[in-house]
Amino acid sequence: MNVIAATDYWANIPIGEHLWLVSPMIVLVCTMLAVVTCPILLGRRTRTITAVVAIGVTAAFVMAIRVAMQVADGGTSGLSTVSGSGMLIIDNLSAGYQLLMLAFLGCVIGLWWIGSAATERDAPEFFVLLLGSALGMVLMVSTSNLLMIVMAIEMASLPSYALVSFNKRDRAGAEGGLKYMIFGAICAAIMLYGASLLYGLAGSLNFADIAKMVALSFAGGGRDVVLVSVALLCFFAGVAFKISAVPFHFWCPDAFQAAKIEVTTWLSVVSKAAGLILLVRLVAIFCGTVGAAGLMHTVEPIAWGIAIVAAITCTLGNIAAYRQRSVKRLLAYSSIAHAGYMLMATAVFIHPDVAGSEAGISALLAYVFIYLFMNLGAFGVTAMVYWATGTDDIDAFTGLIRRAPALAIPMIICLMSLVGLPPFGGFLGKWWIWIALGRLDSTLGWFLIMVMGLNTVVSLYYYLRIVVRMTLRDDGQAVLRPSFGGMAMVNVCAIVLFPVMFIFANGFKSTADHFARRMFVPTADATVSAEPSVEGDHSAMADAWVDDAAGHNDRDVKRP
Amino acid sequence: MGCVALETVLAVAACVVQASPAPHQGTNVELVVGLVMFLLAGFLLAFVGLSVGRIARPNMPHPEKASTYECGEPAIGDSWVQFDLRFYTVALVFIVFDVEVALLWPWAVVYRDMGGAAFWPFLVFFLLIAIPFLYEWKSGYLDWVRASTGQRRESVLDSPEDAEAST
Amino acid sequence: MGTIGLTHYLVVAAILFCSGMFVMATKRNAIGILIGVELVLNSTNINFVAFDRYLGPGQLDGQIMALFVIVLAAAEAALAVAICMNFYRNLSTIDVDHGTELRG
Numbered sequence: 001m002n003v004i005a006a007t008d009y010w011a012n013i014p015i016g017e018h019l020w021l022v023s024p025m026i027v028l029v030c031t032m033l034a035v036v037t038c039p040i041l042l043g044r045r046t047r048t049i050t051a052v053v054a055i056g057v058t059a060a061f062v063m064a065i066r067v068a069m070q071v072a073d074g075g076t077s078g079l080s081t082v083s084g085s086g087m088l089i090i091d092n093l094s095a096g097y098q099l100l101m102l103a104f105l106g107c108v109i110g111l112w113w114i115g116s117a118a119t120e121r122d123a124p125e126f127f128v129l130l131l132g133s134a135l136g137m138v139l140m141v142s143t144s145n146l147l148m149i150v151m152a153i154e155m156a157s158l159p160s161y162a163l164v165s166f167n168k169r170d171r172a173g174a175e176g177g178l179k180y181m182i183f184g185a186i187c188a189a190i191m192l193y194g195a196s197l198l199y200g201l202a203g204s205l206n207f208a209d210i211a212k213m214v215a216l217s218f219a220g221g222g223r224d225v226v227l228v229s230v231a232l233l234c235f236f237a238g239v240a241f242k243i244s245a246v247p248f249h250f251w252c253p254d255a256f257q258a259a260k261i262e263v264t265t266w267l268s269v270v271s272k273a274a275g276l277i278l279l280v281r282l283v284a285i286f287c288g289t290v291g292a293a294g295l296m297h298t299v300e301p302i303a304w305g306i307a308i309v310a311a312i313t314c315t316l317g318n319i320a321a322y323r324q325r326s327v328k329r330l331l332a333y334s335s336i337a338h339a340g341y342m343l344m345a346t347a348v349f350i351h352p353d354v355a356g357s358e359a360g361i362s363a364l365l366a367y368v369f370i371y372l373f374m375n376l377g378a379f380g381v382t383a384m385v386y387w388a389t390g391t392d393d394i395d396a397f398t399g400l401i402r403r404a405p406a407l408a409i410p411m412i413i414c415l416m417s418l419v420g421l422p423p424f425g426g427f428l429g430k431w432w433i434w435i436a437l438g439r440l441d442s443t444l445g446w447f448l449i450m451v452m453g454l455n456t457v458v459s460l461y462y463y464l465r466i467v468v469r470m471t472l473r474d475d476g477q478a479v480l481r482p483s484f485g486g487m488a489m490v491n492v493c494a495i496v497l498f499p500v501m502f503i504f505a506n507g508f509k510s511t512a513d514h515f516a517r518r519m520f521v522p523t524a525d526a527t528v529s530a531e532p533s534v535e536g537d538h539s540a541m542a543d544a545w546v547d548d549a550a551g552h553n554d555r556d557v558k559r560p
Numbered sequence: 001m002g003c004v005a006l007e008t009v010l011a012v013a014a015c016v017v018q019a020s021p022a023p024h025q026g027t028n029v030e031l032v033v034g035l036v037m038f039l040l041a042g043f044l045l046a047f048v049g050l051s052v053g054r055i056a057r058p059n060m061p062h063p064e065k066a067s068t069y070e071c072g073e074p075a076i077g078d079s080w081v082q083f084d085l086r087f088y089t090v091a092l093v094f095i096v097f098d099v100e101v102a103l104l105w106p107w108a109v110v111y112r113d114m115g116g117a118a119f120w121p122f123l124v125f126f127l128l129i130a131i132p133f134l135y136e137w138k139s140g141y142l143d144w145v146r147a148s149t150g151q152r153r154e155s156v157l158d159s160p161e162d163a164e165a166s167t
Numbered sequence: 001m002g003t004i005g006l007t008h009y010l011v012v013a014a015i016l017f018c019s020g021m022f023v024m025a026t027k028r029n030a031i032g033i034l035i036g037v038e039l040v041l042n043s044t045n046i047n048f049v050a051f052d053r054y055l056g057p058g059q060l061d062g063q064i065m066a067l068f069v070i071v072l073a074a075a076e077a078a079l080a081v082a083i084c085m086n087f088y089r090n091l092s093t094i095d096v097d098h099g100t101e102l103r104g
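Residue numbers (my numbering), protein chains in the order written: chain A, 1 to 560; chain B, 1 to 167; chain C, 1 to 104.
Treat each hint with caution, since some may be false.
[Unchecked claim] Each pair of labels, with its calculated beta carbon distance range: (1) Ala91(B) / Val62(A): 34 to 44 angstroms; (2) Ala66(B) / Thr3(C): 47 to 57 angstroms; (3) Leu134(B) / Ser92(C): 29 to 39 angstroms; (4) Leu227(A) / Ala66(B): 22 to 32 angstroms; (5) Met69(A) / Ala108(B): 38 to 48 angstroms; (6) Ala108(B) / Ser442(A): 50 to 60 angstroms; (7) Met37(B) / Thr3(C): 28 to 38 angstroms; (8) Gly5(C) / Val225(A): 16 to 26 angstroms; (9) Phe504(A) / Ala102(B): 46 to 56 angstroms; (10) Gly390(A) / Trp107(B): 32 to 42 angstroms.
[Claimed, not checked] Short derived list, chain A residues pointing at chain B, Cβ under 7 angstroms: (11) Thr37; (12) Ile40; (13) Leu41; (14) Leu42.
Worth flagging that the hints you see were computed from the coordinates, not collected in a lab.
Idealized CB from N, CA, C, for every residue including glycine.
Based on the provided sequences and hints, a complete structural model is requested.
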């Protein structure tokens, strides 16, 4: 078996410069090791371990800044052992996400330190799980290879299941964790089956090759369309699970309600963003490949599929949020609704006009960025209230404007942002998605604009309910004294959302556009021709198996 | 019993049917016919035996007869007993090293060609497994008989190896 | 009957996949559902290895993928059983229908 030796695998092994590009991930792994080494050498004191983690995350953050600067001026700098397999891609998108994610990891650890550290006896386990899922999320956004996508999604998910049911004495936690885990395991299994079919159909694990195969199949010159659709549907079940799109959203409210609030924040903010950015990357590769081949018009059914899922997702999320009393659960449904809005932006990508796609991607990136701050702020305030009163019921928020104005004002800003009212950050995100949809000037665009408008009106009610409780009602509950760090965090989020985002809106949007344009830089292996005869040699190799399946022979005969 | 004798006869008959018409001549049809006959005979035999027995035997139920061991020790409890959680921990540790070996297999295949270049990545990989293992050991999750102070964690909800094994 | 080709492997995998899905859909026992998941993962492995074999020599993607799926299945099983145990300790059952605390 000299197969591997025959390829020059070891000549391409990442060294030096390449290792610098993944240094934040290496630092994260080292931090995990340090967290488990620490109890062996220094004892299990929570304070010591938190200090180790803080040092590790800070170091990773510094490294991430360095990486972001390094890739800022270059295009997509592919990093892979076998060139063109897309195993690990460090570009603007992944570096940017990494930077944000590490900052939010710091915030989540800060929340944990404020709320749970005093009673936590299993700090090493908590941190290993948290950092493990963080590493999985970073990997998730920096790959376009099926193997890595599957492994990264699982690596982000498995620790999350354990994090949800981390507290062993908690019935709700046990139940939420079990539901989350079972749902996740089923989705992962279905996704893997889809991945195996895609691998067989395209003959490659790289998503660029798969996109080529899908486009050809939809154009009628390749594989059986039904088979390809089934494989794609199965594969995207896993991604839909990550972003909790309907019908893979059932875990979301239960897991979010059952988990400790800092874990909920982590899952709703960072984990969901990772899923969305993975989706952005996949769809961008898809559009880049298909658009270059001029086959965009053939994949319109996919755009409609995404649009319908998006419409159902946000409608369902908003309607279900109506009757919630637990603010945690309400925010969980609200995050499902927001996943729907972001999916709408995804539907824009798949359009004959590549400029439309660019607008969609930049709107989606902007929305994800704003969403991170909105949700961190809202969950942060909920956490403060929960720790002070012992409940996250909506009654605990009554009269908050008097009891803790430093919490109530940021909460109002975050909630109004979540609705998408004009002066706040959330409005900008929605507005840009609206513009992107409008520029499509097609039935699909107008349909989604209508759905989004209706949903915004519907969602106004349940967000306003909390605001009204906080400001207009007062039942004389005691004044809250939240910790300074927590207040500072939620206020920073609010300041980003209200004045900062609005003042720098133009610069912000042009940065997002810049990122989006970068996604479309056609790489050598991403270009494809409509002519089946120009197909690469390994694609011909991939055809070999079709001869075996008699049902597909007729399609294959047509090809030269 | 007569049943056994009858079965033998039928089996022999089936074999004869299968073997008699020129075995080297060809084959598939005779083979299938023979197998089908054999199967039919088997089913028939079981059916006839059971139904004849059911009709002919005297019916005198007794709870004693329904117990698992009609003669001998009375059964105690259920066979679905709960296993000690400690077995779970052992199984978990086993799985981690089991999977490690699975991942080492391709490495071992190419080791001769790669030489030193293959050694260091392996060492890193091994450390990723070994250090969490040391942690478990040191924290007392692997002790079979645990001191009462170490009892506060009965389960290993989270094994650090899981996360690292998937890297 | 002809030689065993790719289709045969795919059919076996598809049958395994369907059995797994059936098990997942019908079992109320958490461990039972996980067994269904394992069935699906194994069908995936058959697919990967069969495709790898038929896609031509020199390509090892499918086999590597199958190896990682095995690792994944092990990690998932280990964690899943831990979570089931946690559920059992709190509710004295592993019937998923008994998880009714979180609703709405």
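Hint check results:
{"no.": "1", "hint": "Ala91(B) / Val62(A): 34 to 44 angstroms", "verdict": "41 angstroms, holds"}
{"no.": "2", "hint": "Ala66(B) / Thr3(C): 47 to 57 angstroms", "verdict": "53 angstroms, holds"}
{"no.": "3", "hint": "Leu134(B) / Ser92(C): 29 to 39 angstroms", "verdict": "35 angstroms, holds"}
{"no.": "4", "hint": "Leu227(A) / Ala66(B): 22 to 32 angstroms", "verdict": "54 angstroms, violated"}
{"no.": "5", "hint": "Met69(A) / Ala108(B): 38 to 48 angstroms", "verdict": "41 angstroms, holds"}
{"no.": "6", "hint": "Ala108(B) / Ser442(A): 50 to 60 angstroms", "verdict": "57 angstroms, holds"}
{"no.": "7", "hint": "Met37(B) / Thr3(C): 28 to 38 angstroms", "verdict": "29 angstroms, holds"}
{"no.": "8", "hint": "Gly5(C) / Val225(A): 16 to 26 angstroms", "verdict": "23 angstroms, holds"}
{"no.": "9", "hint": "Phe504(A) / Ala102(B): 46 to 56 angstroms", "verdict": "51 angstroms, holds"}
{"no.": "10", "hint": "Gly390(A) / Trp107(B): 32 to 42 angstroms", "verdict": "53 angstroms, violated"}
{"no.": "11", "hint": "Thr37", "verdict": "6 angstroms, holds"}
{"no.": "12", "hint": "Ile40", "verdict": "5 angstroms, holds"}
{"no.": "13", "hint": "Leu41", "verdict": "9 angstroms, violated"}
{"no.": "14", "hint": "Leu42", "verdict": "11 angstroms, violated"}
Comparing the model with each numbered hint stated earlier shows that hints 4, 10, 13 and 14 do not hold.
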